[in-house]
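Starting from the known structure of chain P, arrange chain R on it as the hints suggest.
So you can see what is in the structure, the chains are spelled out below.
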Amino acid sequence: MPRWLAHLIVLALLAVACGWAFASLDMTWNWGIVWEYRQAFWKGWWMTLGLALAALLASSLIGLAAAVMLRSRFAILEAFARVYVELIRGTPLLVQLLVGWYVVAAALHVGTEYRAAVGVLVLALFSGAYTAEIFRGGLDAIPRAQVDSARAIGLTRWQAFRLVILPQAVRIVLPAVAGQLVSLIKDSSLLSVLSIGEFTFAARNVNSATYSTLESYLPLAAGYLALTLPLSALSRWLERRFRYEAA
Amino acid sequence: MNLAIHDLVQRFADPRSGAQATVLDGLELVTGDIQALVLVGPSGGGKSTLLRILAGLDVPAAGTVVFDGSPLPRDEQALIGYRRTVGTVFQAYNLFPHLTAMQNLLLPLVHVHGLTDAEARERVREPLERFGLAAHAHKRPAELSGGQKQRVAILRALVVRPRRLFLDEPTSALDPEMTGEVLDMIGELKTAGTQFVLVTHEMGFARRVADEIAFIADGECPALAPPAKFFTVCHEPRVVAFLERVQRG
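Residue numbers (my numbering), protein chains in the order written: chain P, 1 to 247; chain R, 1 to 249.
So here's chain P without its partners, still in its complex pose:
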């Protein structure tokens, strides 16, 4: 059976199951009133896209830096990174966002106009802790012989890292990092607790204005899928593109 046909069949089954479930609830849909708020959805969706892209970039950099620190010869750097990773991974993002905004940002007298920036930073720190462990695993997977070869041809430590170690590690961690980025996009919905006008915040507002819960939240699911599915596809494509066997 061709792959696309298999996918189509699974999607059709899913549609039948959902259709049956909604039909048996005997719901009266109220799409008309929600449609009037389409601009709010649209604005929120773009906001989420922007926030996620910024957090995605920052969390990759933070994760990479933390991964390098985790492998550092210097105990203090390793300790910093270890405490960061365990603290962040062990606590809920919700608490981190509230502490980040109402405690840390407040203590630093950060103005409310920087609300979104602080939110992105906390989100990036959160996701970076996971990315750090992924990157560390990837870096550890590069054989010692590669480091020797890089040194033997006269590369500096930084050149060896940039030209030899990192490109190989990135290929190893690509699938796992892509999964983490998908999580990050969905986790950005929690930024709504800081009243940042992103996608979920928009859906909540529409819901409280129209009392049409599912009509407000189903478009939300579709909107997040529109962000995450291309990312998954991109990751699979990159994986194929960069595939090579260990030599």
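Note that these hints are calculated values from the structure, not bench results. Some hints could be false.
Listed next, with one range per pair, are the computed distances between beta-carbon atoms [what the hints assert, rightly or not]:
| hint | chain 1 | residue 1 | chain 2 | residue 2 | range |
| --- | --- | --- | --- | --- | --- |
| 1 | P | G179 | R | T191 | 51 to 59 Å |
| 2 | P | D140 | R | D184 | 32 to 40 Å |
| 3 | R | R125 | P | A222 | 51 to 59 Å |
| 4 | P | R73 | R | A135 | 40 to 48 Å |
| 5 | R | G32 | P | D140 | 51 to 59 Å |
| 6 | R | D58 | P | D140 | 19 to 27 Å |
| 7 | P | R162 | R | P176 | 34 to 42 Å |
Bear in mind the structure is a predicted one, so any value in this text is a computation, not a measurement. Glycine included, each C-beta is placed from N, C-alpha and C at the ideal position.
Same frame as chain P, but now just chain R:
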């Protein structure tokens, strides 16, 4: 090259017990003015450890190494400079798997020796032809045979025009046929006048290319002689026992 090694000591901590193991134990080795030095001896005797020090990859715990009157530096910055003047080839995994053979050759030329991409390509064109590797230049290491990988690795060490090469058992991971093609290449280097230090278990080849053979065992160098003498009139008991073992095997 003139190589003079005095009182060389190297120790490693055993990763499990943490106990210090002495791999080189006051090694003394002074060659004549030779082109090719071959290191032979039993496994675990210290050959590779010695070669890593000569190649500037490891710093010895004590002792001095002097090539042509200049002592090897001990600080990392100076060692990077030193490594840029020599070439080193290991048993295996020399090539970077994410790069093609060509990119492997260009990397040190462009990023270490400051050539432009065009200059570097020009530099490697003729050697690739000469060693029959031009048709494989676009391949990644995974698509090359073991022998081709080692020849590309030797070429990568060679195209930067090093003062000398260090070859650490370059054929021990290869089957006999591929061993032959790599040894032929090294033989050609000898004819072309390239200076090298080679660690090998191929005794016939050692005899053919070496100007002097150093026997390394128990962290020392109990015998150093030109091949003719080494294989016939050397009476050092460890050498005699080693040669008997090798010839039986």
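Hint-by-hint comparison with the structure:
1. G179(P) x T191(R): 51 to 59 Å: 56 Å Cβ-Cβ, so the 51 to 59 Å window holds.
2. D140(P) x D184(R): 32 to 40 Å: holds, 38 Å
3. R125(R) x A222(P): 51 to 59 Å: holds, 56 Å
4. R73(P) x A135(R): 40 to 48 Å: Taking Cβ atoms as reference, R73(P) and A135(R) lie about 44 Å apart, which means the hint holds.
5. G32(R) x D140(P): 51 to 59 Å: Given about 46 Å between the Cβ atoms, the range is violated.
6. D58(R) x D140(P): 19 to 27 Å: holds, 22 Å
7. R162(P) x P176(R): 34 to 42 Å: holds, 39 Å
Checked against the numbered hints given earlier, the structure breaks only hint 5 and satisfies all the rest.
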